[in-house]
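Residue numbers (our numbering), protein chains in the order written: chain B, 1 to 146; chain W, 1 to 146; chain A, 1 to 146; chain Y, 1 to 146.
Bear in mind the hints are in silico, worked out from the structure with no lab data behind them. Check before you lean on any hint, since a few could be wrong.
[Stated by the list, open to error] Pairs of lysine-lysine residues, derived as DSSO-like cross-links and limited to a Cα-Cα distance of at most 30 Å, are as follows:
no.	chain 1	residue 1	chain 2	residue 2
1	A	K126	W	K108
2	W	K77	A	K126
3	B	K75	B	K108
4	A	K108	A	K77
5	W	K126	W	K77
6	Y	K77	B	K77
7	Y	K126	B	K108
8	A	K75	B	K77
[Stated by the list, open to error] According to the in silico footprint, chain B covers these stretches of chain W (three or more CB under 8 Å from chain B):
no.	stretch
9	9-17
10	36-48
11	70-84
We treat Cβ as the ideally placed atom computed from N, Cα and C, and that holds for glycine.
One letter stands for each residue in the lines below.
4 protein chains.
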Amino acid sequence: MNEDAVFARVFESFFRQGLMATLGAVLDHASPGRIVIGLPSSPAITQQHGFGHAGAIASILDSACGYAALTLMPKGKAVLTSEFKINLLAPAAGERFEAEGRIIRAGKRQHVAMGEAFAIRNGLRKSVAVMLATLVVVDGEGGLSN
Amino acid sequence: MNEDAVFARVFESFFRQGLMATLGAVLDHASPGRIVIGLPSSPAITQQHGFGHAGAIASILDSACGYAALTLMPKGKAVLTSEFKINLLAPAAGERFEAEGRIIRAGKRQHVAMGEAFAIRNGLRKSVAVMLATLVVVDGEGGLSN
Amino acid sequence: MNEDAVFARVFESFFRQGLMATLGAVLDHASPGRIVIGLPSSPAITQQHGFGHAGAIASILDSACGYAALTLMPKGKAVLTSEFKINLLAPAAGERFEAEGRIIRAGKRQHVAMGEAFAIRNGLRKSVAVMLATLVVVDGEGGLSN
Amino acid sequence: MNEDAVFARVFESFFRQGLMATLGAVLDHASPGRIVIGLPSSPAITQQHGFGHAGAIASILDSACGYAALTLMPKGKAVLTSEFKINLLAPAAGERFEAEGRIIRAGKRQHVAMGEAFAIRNGLRKSVAVMLATLVVVDGEGGLSN
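Isolated chain B (complex conformation) (with noise of 0.2 Å):
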């Protein structure tokens, strides 16, 4: 597939994520085995003390992953997200913030990706979390396609 036809598909399916739309979430970059989701920081996706919530940042790196290993998958077969892990480096303070996802390991049952976000703050990019996640790999029937 070309850039734009895995940009398509994966779009299709982000844009049915009731969850992505509800944070504000978009889908900035789409290639083979990458993907980056953009947030605009805002006060519906704050944790007390204003930052962003740790449960925002985790969503749309959750996301970026999935869709990473999406790009991979053979028509017919989907991913679905089996566990993460997130460590949380700095406060997510910024004007915007960024989820990268990177397919470091493709096999037959699963995938694993590698995360990384950053909050632009006046210019500067700055990593503010990582993650480990692992896909599972699963036939594409029965409404669990993309």
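Assemble the complex: chain B is given as a structure, and chains W, A and Y must be docked to it using the hints.
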């Protein structure tokens, strides 16, 4: 502190988490070392197949684990999520989700919490996710208290 | 399978794990979905302060979780550790350590296990670590069975 | 500190880890924020199919991540592993394994490390595992230094 005071302390902070309001989450229960957060199912929190998004489930589990730690903090101390790991056990399908956080180790420098999320469907309560989380104890000055 | 047959199946594989012999670990208990491995404290497994090394505790927990999954496998199927996460709750100080692995979700493609390690000291049994592990179900051909 | 002093500080502690000697691990490299530990393949560290046991790989990765943090500690401060998570990417098959730990965030209370393990086989170096680890900074008194 009695249970009402514990609930009041947690609620005062929970109320300021923009993300919890955005998701529609409510504080169901707060007692020393244990928190339950409820989340009605809605199109606002779905992934692409209509189930609850792993990020939404992780968000209420993270808040439940963090607030479970807060209930054990003396005045002037607060907590920050250092990291968490979540295993998704089953699709989050149901009318309502519940996240329970419990402290399994309370230390001077950090607390460890175990979380479990349930989907309630037709009156049945099914475990859909488990979490292990590490919370760092911090001094509460500078707006970081609670 | 009855309990003796379960124990025999696990033991036959445990016996071939060179690392378990090197550490001095023994198979204490095996029943469907639950394994206990014991490890006497010794200078051979310490970290720099004389406590049990986190890696030694992780090793017996990993084996306990993996074999807990194996007890639930039909003939011809086996399991591989996909990933695990461990939280160290207290220094591993004692005369003996025990690692318990329990399956909390048995799926077609993968099993999820929860592990807990204990230090036995002066007759007291103290929890020193918890683990969440993901085991992938694989076909047992090619030397990978059990 | 210059690189020799860093190596000497780490080696003095590494030397006292009974487990590293038991496994046959050696300290290959130590510089500020980065450690490499080598481990020759041997029947002493295998799982049941003759590959390196996940626990052995986790052990050298844990030590590599912990010592990477120690290289950044001022005199009188030490580190303890709080938790780690490992994803196994491929069977640990080879003549020798290497575990690299790098600090990706150095904080006042805790450091976060990323680890990667490699199998060297017929001159080829293949990634077989990744780790995220959290190290807690502690005062070095009471035998806990280094």
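These are the hints, each one checked on the structure:
Among the hinted pairs, K126 of chain A with K108 of chain W is consistent with the structure: their alpha-carbon atoms are about 18 Å apart, no more than 30 Å. Only pairs whose Cα atoms come within 30 Å are accepted, and K77 of chain W paired with K126 of chain A is accepted, the gap being roughly 27 Å. Annotation: proposed proximity of K75 of chain B to K108 of chain B holds, straight-line Cα distance about 14 Å (limit 30 Å). Simply put, K108 of chain A and K77 of chain A have alpha-carbon atoms about 11 Å apart, close enough for the 30 Å limit, and the pair holds.
As the CA atoms of K126 of chain W and K77 of chain W are separated by approximately 35 Å, the hinted pair breaks the 30 Å bound. Distance hint between K77 of chain Y and K77 of chain B is unfulfilled; the C-alpha atoms sit about 51 Å from each other, more than 30 Å. Among the hinted pairs, K126 of chain Y with K108 of chain B is consistent with the structure: their alpha-carbon atoms are about 18 Å apart, no more than 30 Å. A C-alpha spacing of about 27 Å is found between K75 of chain A and K77 of chain B, which places the hinted pair at or below 30 Å, so the restraint holds.
For the stretch 9-17 of chain W, the stated coverage by chain B is satisfied: 4 residues place a CB nearer than 8 Å to a CB of that chain, which reaches the threshold of 3. Interface restraint, the stretch 36-48 of chain W with chain B: holds (7 residues with C-beta to C-beta distance below 8 Å; minimum three). Counting residues of the stretch 70-84 of chain W whose C-beta lies closer than 8 Å to any C-beta of chain B gives 5; at least three are required, and the coverage claim holds.
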